[in-house]
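A.B. asks: Next come the chains, spelled out residue by residue.
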Amino acid sequence: MKNLYIFIAVLFIPWSFTLAKYDEFEDGDDIMEYDDNDFAEFEDVNEDAVTESPQRIITTEDDEEEATVELEGQDENQEDFDDTDTQEGDTESEPYDDEEFEGYEEKPDASHSKNKDPITIVNVPAHLQNSWESYYMEILMVTGLLAYIMNYIIGKNKNNRLAHAWFNTHRELLESNFALVGDDGTNKDATSTGKLNQENEHIYNLWCSGRVCCEGMLIQLKFLKRQDLLNVLARMMRPASDQVQIKVTMNDEDMDTYVFAVGTRKALVRLQKEMQDLSEFCSDKPKSGAKYGLPDSLAILSEMGEVTEGMMDAKMIHFLTHYADKIESVQFSDQFSGPKLMQEEGQITKLPETKKTLLFTFNVPGSGNTSPKDMESLLPLMSMVIYSIDKAKKFRLNREGKQKADKNRARVEENFLKLTHVQRQEAAQSRREEKKRAEKERIMNEEDPEKQRRLEEAALRREQKKLEKKQMKMKQIKVKAM
Amino acid sequence: RSPLHARYKPPATETNPALEDPTPDYMNLLGMVFSMCGLMLKLKWCAWIAVYCSFISFANSRSSEDTKQMMSSFMLSISAVVMSYLQNPQPMSPPW
Numbered sequence: 002m003k004n005l006y007i008f009i010a011v012l013f014i015p016w017s018f019t020l021a022k023y024d025e026f027e028d029g030d031d032i033m034e035y036d037d038n039d040f041a042e043f044e045d046v047n048e049d050a051v052t053e054s055p056q057r058i059i060t061t062e063d064d065e066e067e068a069t070v071e072l073e074g075q076d077e078n079q080e081d082f083d084d085t086d087t088q089e090g091d092t093e094s095e096p097y098d099d100e101e102f103e104g105y106e107e108k109p110d111a112s113h114s115k116n117k118d119p120i121t122i123v124n125v126p127a128h129l130q131n132s133w134e135s136y137y138m139e140i141l142m143v144t145g146l147l148a149y150i151m152n153y154i155i156g157k158n159k160n161n162r163l164a165h166a167w168f169n170t171h172r173e174l175l176e177s178n179f180a181l182v183g184d185d186g187t188n189k190d191a192t193s194t195g196k197l198n199q200e201n202e203h204i205y206n207l208w209c210s211g212r213v214c215c216e217g218m219l220i221q222l223k224f225l226k227r228q229d230l231l232n233v234l235a236r237m238m239r240p241a242s243d244q245v246q247i248k249v250t251m252n253d254e255d256m257d258t259y260v261f262a263v264g265t266r267k268a269l270v271r272l273q274k275e276m277q278d279l280s281e282f283c284s285d286k287p288k289s290g291a292k293y294g295l296p297d298s299l300a301i302l303s304e305m306g307e308v309t310e311g312m313m314d315a316k317m318i319h320f321l322t323h324y325a326d327k328i329e330s331v332q333f334s335d336q337f338s339g340p341k342l343m344q345e346e347g348q349i350t351k352l353p354e355t356k357k358t359l360l361f362t363f364n365v366p367g368s369g370n371t372s373p374k375d376m377e378s379l380l381p382l383m384s385m386v387i388y389s390i391d392k393a394k395k396f397r398l399n400r401e402g403k404q405k406a407d408k409n410r411a412r413v414e415e416n417f418l419k420l421t422h423v424q425r426q427e428a429a430q431s432r433r434e435e436k437k438r439a440e441k442e443r444i445m446n447e448e449d450p451e452k453q454r455r456l457e458e459a460a461l462r463r464e465q466k467k468l469e470k471k472q473m474k475m476k477q478i479k480v481k482a483m
Numbered sequence: 035r036s037p038l039h040a041r042y043k044p045p046a047t048e049t050n051p052a053l054e055d056p057t058p059d060y061m062n063l064l065g066m067v068f069s070m071c072g073l074m075l076k077l078k079w080c081a082w083i084a085v086y087c088s089f090i091s092f093a094n095s096r097s098s099e100d101t102k103q104m105m106s107s108f109m110l111s112i113s114a115v116v117m118s119y120l121q122n123p124q125p126m127s128p129p130w
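Chains A and B, in that order, are what the protein sequence lines are. When you read off a place in the first sequence, starting at 1, and then add 1, the result is the number in our numbering. When you read off a place in the second sequence, starting at 1, and then add 34, the result is the number in our numbering.
Just chain B, with the same shape it has in the complex (with noise of 0.2 Å):
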């Protein structure tokens, strides 16, 4: 069985890694949205929520997307919750 042909190489693989798990994507705008929330309405857990979604994001994004978007989504959860500390110094109240 030894090899005889050698051939070339297309690994491009995946023509449609789109339609894979979506989840990077949807947990990377949910992100967006959830700070956007907790900077306008000024809600502490929007902006809690906005970093786990930014975090789950990044742990599901594939190589080959760009890290630039993540970190932007990252950053802009953290300047949320940052910014609702800033204005507002009271610790969260548990929704009990």
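So here's chain A without its partners, still in its complex pose (with noise of 0.2 Å):
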């Protein structure tokens, strides 16, 4: 029966081809028709335009034109005559001028200075007329398309080329720093591959690990679009650097507790605003670095003034003053849990995750029109970046500083759970609900009615037993109350 269905609907769909194609016919005929009379005087032009008119020719027309010869008004022989046709019509009547002109050579000429209807020229459409030059819409789309295509290949094989010469420059001292360099996790062991992870074709990532208090150090080239022809205009607006991010997870026992940042004072503001820890453990605005000896470019923004006084030792100041340029931002921080969740009301019922780590973010010099070679003067950081985490490693807050740590953080704690109180109230009193209803149906679903009963008066027991522990509290509170 479904067969049958599809079959016709299968015919359906070529009988309504046929059908329009009928339709086709018939205007096409009723078209013919009145060229044929136009041209009914000069049958034998008639023909060759006919054969000339576009597409529509159909063998039964030639009888047709034969058919009717009427003589129609001159000023409609003039306006076909002025068709895109009259080229081969003009060429074509030249043989026939002899005779059948003759008696009509006055008239037509007559008729035409009496004509006070305006010839118009029909225009031809633009599809009809052959010429690539009607096109140029679409000429122009396409190579535009070719444009973006080139630009993506040179745009990937740049992004390539500097990826790799950073990976050539870098690669000696993070061999001789690291026992397992270049993982992409698909392995079951842990082998050093020695290649950069393409990510993107503007993103390259290499792990490193295996060093003495690091867990480990993901590094991260963000080039910029290179690839993207869009992106490569929006940055002919506004001028942007490729970043070389390095997030190091040190261990657990080899960080104190504290949280500090360095950096450019629009980046500090920004991540202060966005990053989850600076913003609860840094109330402060950034500080000027300028008590230590930095540039005024770089800010400060620590948890307490003991912090900076431990990080700035003579050799970090010596790091940031001499790359201040490079560095975008340096964040050392205990409690480091990325940027602040967009929270929904009655979602979070514990704090996020928090892992000690260093992130530092690099601007490669050049701002957006940089050369491989540039790469190496990226070199001297990474040697800031190890010199920092054996520092982190090193550095321990006294007594003092430790106390203030240790109370920041129960501070931020302690807000986080009255923020999520009500919230934690609402799911124990449903857990409690659970747990009641599943002990109900447990009871309705014993079959044997004895031990319904049993466990239906133990519940009211234990029923009993709360209320009366309830009651005692309260008497209890009563009691120191007075």
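One should not assume that every hint holds.
In silico EDC-like pairs for lysine to aspartate or glutamate, Cα to Cα no more than 20 Å straight-line [said to hold, decoys possible]: (1) A:K223 - B:D55; (2) B:K102 - A:E200; (3) A:K341 - B:D55; (4) A:K157 - B:D55.
Selected chain A positions facing chain B (in silico; Cβ < 8 Å) [said to hold, decoys possible]: (5) Q199; (6) N201; (7) D253; (8) E415.
By construction, these hints were calculated from the structure, which means they are not laboratory data. For each residue, glycine too, the CB sits at the ideal point set by N, CA and C.
Dock the two chains into a complex; use the hints.
C.D. replies: Here it is in structure tokens:
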């Protein structure tokens, strides 16, 4: 039955197509008849004109031509002569001029001078003109696409070259410091691939591990999107630069509890708003680092002054001043949990997980027009990273500092608990109700009536006990209040 | 500074890749919307924009994303262009 329906449907489609074709035929017929009447006087010319006219030539037309020999106004003849087919019409009419046009020579002229109706030149539709020029918009579009593809290839290759140049300059330093350089997480064993992991056409990752104090180090080369033409054009308005982001995850025992950041003022303001830990622990605005000899472009955000004192030793200051133009931000934090999450009502019930991390963001010099040679200038920054890892391990807060830090953390936790108090209460309430419901269900499902009764009694007793406890508590509170 | 302990390798990296750079997804969606518009309403410029969108989405895509979706949106936009021209072979007229 189904097959029959499908068959009928399939038949229906070509039938409708043929119907449509007949429609075309009819239209064609009308126009052809019109033309025939006009050319009736110039019968031979008529036939040729018919053959010249576009597309819908049907053999049945020939019969109709012979049939319709009517004298039409010569104005119309003039119009048809001015058709684009006139070119052929003109050339063809010459051999026939001799006899046929004898009597008519003056008449066409006369009628032409008498002719008050304007001669309308019919515009041949563009797609019949057979010239590529009329398709210039399409050609433009295709050219645009080709330009995009070219830019994609060029941009991709440039990013690739930059990444490999970076890796080649840094490879030695990394391999001397880390046991495992380059891993993409696909192998079961931890073997060093020694290659960058390409995440995107503009982002390259490198995971290094196997050093004394840190769990691992993730380096992300975030290049500009040179492969996307739109981005390239946008960058012409607003210059930006490639970035190298380094995230070192420290072992728990190797770093003390503090939150500290240094970087350009703009970057720090943005980080303070975005990052969970910076916003909670570093309440002040970024302070100028001039006190320690840092250039004006850099500012400091820290949990407490002691941390700044400890961090800003001679070597660090040396690094920061020398490479200030390349440093975007440096963040040491033991409560790092990433950017602030968009929190919905009633969703969070516990603090986000934190990890002890050191974050570095460097700008590649050249502001977009980097060449592979610029990568060498980033090598000292990597040494700074290594130095910071060791420093973070060695740096310990003294007793006061530790107390302050612990107080801070307790405060943050308390605030959080307060915020979520209502939600946690509701969660606990719902859990209790669930339990009761489960118990009741169990009681109902018990087949044995005896057991049922016993379970009911047990539940009742438990309820009684709870009520008694509550009453006792209330009494105690009342006594205390008194 | 010789390395001592070898650790495991969890470069599972991005916890929230969706947070960063939604461009390829948006472009994919836009491309499909434009190609459907171009097909239904027989607008040539819609179909061309759809082709562009699908190219941009491809250029910005992450390597972890499967290519099937990319190819399907690309094919859809190309088919929109082809169908628009089959139905109406006239060249596009500029809006000015």
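A.B. asks: Give a verdict on every hint.
C.D. replies: Taking the hints in turn, this is what the structure says about them:
1. A:K223 - B:D55: Since the Cα atoms of K223 (chain A) and D55 (chain B) sit roughly 12 Å apart, the hinted pair holds (cutoff 20 Å).
2. B:K102 - A:E200: holds, 18 Å
3. A:K341 - B:D55: Status holds; Cα separation ~17 Å.
4. A:K157 - B:D55: holds, 18 Å
5. Q199: holds, 6 Å
6. N201: This hint holds: N201 (chain A) lies near chain B, its Cβ roughly 5 Å from the closest one there, short of 8 Å.
7. D253: violated, 13 Å
8. E415: violated, 27 Å
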